[in-house]
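Residue numbers (my numbering), protein chains in the order written: chain C, 1 to 112; chain F, 1001 to 1116.
It is possible that part of the hints are untrue.
As the list claims (entries may be wrong) - Calculated cross-link-like contacts (lysine-lysine; reagent style BS3-like; alpha-carbon spacing at most 25 Å):
no. : chain 1 : residue 1 : chain 2 : residue 2
1   : C       : Lys68     : C       : Lys1
2   : F       : Lys1057   : F       : Lys1022
3   : F       : Lys1022   : F       : Lys1052
4   : F       : Lys1013   : C       : Lys42
5   : C       : Lys1      : F       : Lys1057
6   : F       : Lys1015   : C       : Lys68
Derived by calculation from the structure, the hints in this document are not laboratory data.
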Amino acid sequence: KQEVTQIPAALSVPEGENLVLNCSFTDSAIYNLQWFRQDPGKGLTSLLLIQSSQREQTSGRLNASLDKSSGRSTLYIAASQPGDSATYLCAVNSPGGSRLTFGEGTQLTVNP
Amino acid sequence: AAGVIQSPRHLIKEKRETATLKCYPIPRHDTVYWYQQGPGQDPQFLISFYEKMQSDKGSIPDRFSAQQFSDYHSELNMSSLELGDSALYFCASSTGGVAPISYEQYFGPGTRLTVT
């Protein structure tokens, strides 16, 4: 059974800092990995999708990397802003199906 | 750009009642997924449909059923509601169907179900 873990569970940083969120998964036989953002009580916004054959994806100030063999992904946020405050969720496709298995998320607070 | 539409956005039901949640996928998306997110928890996969056929099944209670219709919209039917069913229910859609061809999942805003 695929399990996804995210570290840290919570992170508080001053505005302007660069930061890294970590995601690990137990079964490396994934098809792709998605990073999502979720504001309190709101829906999930897809930030980046990395296919299993890719190592990296970038969108604006966000950069996600994938090391499938070691079961790890990182989300790098450059020059953080208070508007980046949210919960960030990592999710992977489980083997044998198209479902996403989510980590428990990292709650990010960027202080002005 | 069109997004996934879910209705209703909020629903309040009493124990033992039934509820129906609706999902309208992004146009030309053929796969629909349902997820349940309890308070303070990560989303848990319930069930998915590809081309109107069930494609994957997760931790969906027997009291729940779902289907995908010819216009690709989907409905999640929940009966004998329990307090523990109170959660945010998300629908997502994608193209490509089942693995190994899996594409990006786009999520709707969710339906917040409160069971009293």
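Structure-based check of all given hints:
no.: 1; hint: C:Lys68 to C:Lys1; verdict: 16 Å, holds
no.: 2; hint: F:Lys1057 to F:Lys1022; verdict: 18 Å, holds
no.: 3; hint: F:Lys1022 to F:Lys1052; verdict: 15 Å, holds
no.: 4; hint: F:Lys1013 to C:Lys42; verdict: 20 Å, holds
no.: 5; hint: C:Lys1 to F:Lys1057; verdict: 14 Å, holds
no.: 6; hint: F:Lys1015 to C:Lys68; verdict: 44 Å, violated
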